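A.B. asks: Here are the chains, one letter per residue:
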Amino acid sequence: MSEQAFLIEKEDLEYERKGSRFVLILTVIVLLMHTVLFYPFANRAEPFVMGLAFCVFWTVLWICIEFVGLIVAYELEFKWR
Amino acid sequence: MENWLIALIIIGLYLVLALVIGMLAGYKREFFSVEEFTVTHRNMSLFLMWVMMGGAIFSAFAFLGGPGWAFSKGAPALYILAYCSMGLLPWYIIGPKLARLGKKKQWVSLGDFARNRYNSRALPVIVGIVAIFAFIQYLALQIKGSAYIFNIMTEGHVSYNFAAILIYGIVIIYVATGGLRAAAWSDALQSGLMIVVAWGLGLYLPWKLWGGIGPMFQNIAATKPGFLQIGVEGALMSKNAYSTTIIVSVLGFIMWPHLFSKSFVTEPRKIRQTVLMYPLFALIMLPVLLIGFAAVGKVDPMAITSADQILPYLVTHVLGSSGFLLGLIGAGALAAAMSSADAITHGAAVEFTQDVYRIFKPKASDKEVVIVMRSAVVIIGLLALYVALFGAAGLISLLLGAYGSIVQFVPLVYGGLYWKKASKQGAIAGLIAGVFVNTYLQVILKINPLDINAGIWGLLVNLVIFIVISMIFKPSNKADVEAAEETMAA
Chain B
1 MSEQAFLIEK EDLEYERKGS RFVLILTVIV LLMHTVLFYP FANRAEPFVM GLAFCVFWTV
61 LWICIEFVGL IVAYELEFKW R
Chain U
1001 MENWLIALII IGLYLVLALV IGMLAGYKRE FFSVEEFTVT HRNMSLFLMW VMMGGAIFSA
1061 FAFLGGPGWA FSKGAPALYI LAYCSMGLLP WYIIGPKLAR LGKKKQWVSL GDFARNRYNS
1121 RALPVIVGIV AIFAFIQYLA LQIKGSAYIF NIMTEGHVSY NFAAILIYGI VIIYVATGGL
1181 RAAAWSDALQ SGLMIVVAWG LGLYLPWKLW GGIGPMFQNI AATKPGFLQI GVEGALMSKN
1241 AYSTTIIVSV LGFIMWPHLF SKSFVTEPRK IRQTVLMYPL FALIMLPVLL IGFAAVGKVD
1301 PMAITSADQI LPYLVTHVLG SSGFLLGLIG AGALAAAMSS ADAITHGAAV EFTQDVYRIF
1361 KPKASDKEVV IVMRSAVVII GLLALYVALF GAAGLISLLL GAYGSIVQFV PLVYGGLYWK
1421 KASKQGAIAG LIAGVFVNTY LQVILKINPL DINAGIWGLL VNLVIFIVIS MIFKPSNKAD
1481 VEAAEETMAA
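Going line by line, the protein sequences match chains B and U. Its first residue numbered 1, the first sequence is counted upward by one per residue in the working numbering. Its first residue numbered 1001, the second sequence is counted upward by one per residue in the working numbering.
Read the hints as simulated data drawn from the structure, not as lab findings. From a predicted model like this one, the values you see are computed outputs, not experimental measurements. Worth double-checking, as some hints may not be accurate.
What the hints assert, rightly or not - Okay, derived cross-link-like pairs now, DSSO-like style, lysine-lysine, Cα gap no bigger than 27 Å in a straight line:
#1 Lys1103/U <-> Lys1421/U
#2 Lys18/B <-> Lys1104/U
#3 Lys1421/U <-> Lys10/B
#4 Lys1420/U <-> Lys10/B
#5 Lys1105/U <-> Lys18/B
#6 Lys10/B <-> Lys1105/U
#7 Lys1208/U <-> Lys1073/U
#8 Lys18/B <-> Lys1103/U
#9 Lys1478/U <-> Lys1363/U
#10 Lys1363/U <-> Lys1104/U
#11 Lys1446/U <-> Lys1239/U
#12 Lys1224/U <-> Lys1208/U
#13 Lys1105/U <-> Lys1421/U
#14 Lys1103/U <-> Lys10/B
#15 Lys1103/U <-> Lys1478/U
#16 Lys1474/U <-> Lys1421/U
#17 Lys1363/U <-> Lys1103/U
#18 Lys1367/U <-> Lys1105/U
#19 Lys1103/U <-> Lys1367/U
#20 Lys1104/U <-> Lys1420/U
#21 Lys18/B <-> Lys1420/U
#22 Lys1478/U <-> Lys10/B
#23 Lys1298/U <-> Lys1224/U
#24 Lys1239/U <-> Lys1224/U
#25 Lys10/B <-> Lys1104/U
#26 Lys1421/U <-> Lys18/B
#27 Lys1073/U <-> Lys1224/U
#28 Lys1105/U <-> Lys1363/U
#29 Lys1103/U <-> Lys79/B
#30 Lys1420/U <-> Lys1474/U
With the hints as extra help, turn the sequences into a complete structure.
C.D. replies: What follows is the structure, given as structure tokens:
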């Protein structure tokens, strides 16, 4: 397996780049949610969600969305292939 | 039996187990193979990739600094969750490309990439020196943290100095004998242990002290306005400082040479699968912060000398009656420190040998290189131990400057991968300028202008110089142009 795993067809390289672009966009969105957009939406303690202060909940929520986004990116890429 | 003795036995058992697993991993592997010692023949399994990268993010900081931030600063501690969850995202993009190039050109380190792509012998040496300085600082923090915990959990019966030598001595032994494989296998034990301890404590302490996470946060919100916010009246961190700390940490994460070089230990697809799981590792940090929040309003900040001591304080005061729990928590905290220390010690030895020693002695045989690497583990280990136990203030601040300078590798890495005109002159000038600006602001002036992280200022200067000089001194001779084109194509 090991030799094969390092080779990539020209076509697949295109898909890999598409996958990368998807993740780049995801990275920018999630980074904005943790920084610039954190302040208008989540910079407060209330309301409490599942016992967590809202700012904590918001941060955890975007970690979960990031996780789902990564799975989508990965699945899409290998479906294209 | 006395509490401290039970705790000592449990921590002792954990240490023996870590040593045995580490040494077994390297047993009967090719002793004189560079590829084995540095990148485990580029075929590491997904399971080991996960525990290794998970173990790297959980350091002594997780059990000391993390709860300390939540306890003393409040909401700004969330930056830890944000950056840990995002730190590997850039790797999803550059990792597969690096893995292919690394396989083709036999790279094992960040310096290898710099030397090959820029066709430069000076660049890897500069990268290696900055990295080694940063690594020693990072290691000293791990050693200090774990020795402190060992000392507290055994109620002072094991001295701080002895604990430091014992814990780190074990790491040096298994890394020197087994290389990366030993570090990865011991991380499997260590990751499991620290996850159990973090979640156990993170759920139990808020429940025990407040009757649940909900009442805990409600009390903080009611009694300390602004504590759960950023950049408002009563908050303990400004918006600029918070945002730029996250950005600099996300950018810098994969620039740490011991993480960057993991691009070379497995195949492209497994790198993407490793990144996929990483946000979940960050969630493991959540209970660590809850531990710190649980202490707000229950522990007088004057009762401890620094915020980092909040977890040991809580554990000894709330759970102090059970030697078994003290031992288990101590072992979990040690596991967190050691799973970072082994990867860093290994990374430092590889950087030194591959990017400094080999540049000055290019004809060294494989056998000689491996002997130098294994010796470097011991020597760098002893240096870090010296800094941890006797480090002078001047030395510490020098190392601190390097620690913050890792992010300055960003332009040369991304430029090297995606910009054909990036040249060695640009990379070297930018890197030196960036490291200088960052160190000058952080260590000498001790300020962050406009509350923007010193690393970002360094990065801005670095980037401008990198681009301008690269435009002036384009890769011109044939070898330089070929190296650039080959990297672009992969």
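A.B. asks: Now, for every hint given, state plainly whether the structure supports it.
C.D. replies: Against the structure, the hints:
1. Lys1103/U <-> Lys1421/U: With a Cα-Cα distance of about 24 Å, the restraint between Lys1103/U and Lys1421/U holds, given a limit of 27 Å.
2. Lys18/B <-> Lys1104/U: This hinted pair holds, its Cα atoms lying about 23 Å apart.
3. Lys1421/U <-> Lys10/B: holds (24 Å)
4. Lys1420/U <-> Lys10/B: holds (20 Å)
5. Lys1105/U <-> Lys18/B: holds (25 Å)
6. Lys10/B <-> Lys1105/U: Judged against 27 Å, a Cα distance of about 20 Å means the pair holds.
7. Lys1208/U <-> Lys1073/U: Holds. Lys1208/U to Lys1073/U sits at ~22 Å (cutoff 27 Å).
8. Lys18/B <-> Lys1103/U: It holds: about 23 Å lies between the C-alpha atoms, which stays within 27 Å.
9. Lys1478/U <-> Lys1363/U: OK: Lys1478/U and Lys1363/U at ~24 Å, within 27 Å.
10. Lys1363/U <-> Lys1104/U: holds (20 Å)
11. Lys1446/U <-> Lys1239/U: holds (19 Å)
12. Lys1224/U <-> Lys1208/U: holds (21 Å)
13. Lys1105/U <-> Lys1421/U: holds (21 Å)
14. Lys1103/U <-> Lys10/B: This hinted pair holds, its Cα atoms lying about 18 Å apart.
15. Lys1103/U <-> Lys1478/U: holds (23 Å)
16. Lys1474/U <-> Lys1421/U: holds (6 Å)
17. Lys1363/U <-> Lys1103/U: holds (21 Å)
18. Lys1367/U <-> Lys1105/U: holds (19 Å)
19. Lys1103/U <-> Lys1367/U: holds (20 Å)
20. Lys1104/U <-> Lys1420/U: holds (19 Å)
21. Lys18/B <-> Lys1420/U: Answer holds: Lys18/B to Lys1420/U is near 20 Å, not above 27 Å.
22. Lys1478/U <-> Lys10/B: Within the cut-off at roughly 26 Å; holds.
23. Lys1298/U <-> Lys1224/U: holds (13 Å)
24. Lys1239/U <-> Lys1224/U: holds (19 Å)
25. Lys10/B <-> Lys1104/U: Distance of about 17 Å is within 27 Å: holds.
26. Lys1421/U <-> Lys18/B: holds (24 Å)
27. Lys1073/U <-> Lys1224/U: Holds: Lys1073/U and Lys1224/U sit about 11 Å apart, inside 27 Å.
28. Lys1105/U <-> Lys1363/U: holds (17 Å)
29. Lys1103/U <-> Lys79/B: holds (26 Å)
30. Lys1420/U <-> Lys1474/U: With a Cα-Cα distance of about 9 Å, the restraint between Lys1420/U and Lys1474/U holds, given a limit of 27 Å.
The structure shown violates none of the earlier numbered hints.
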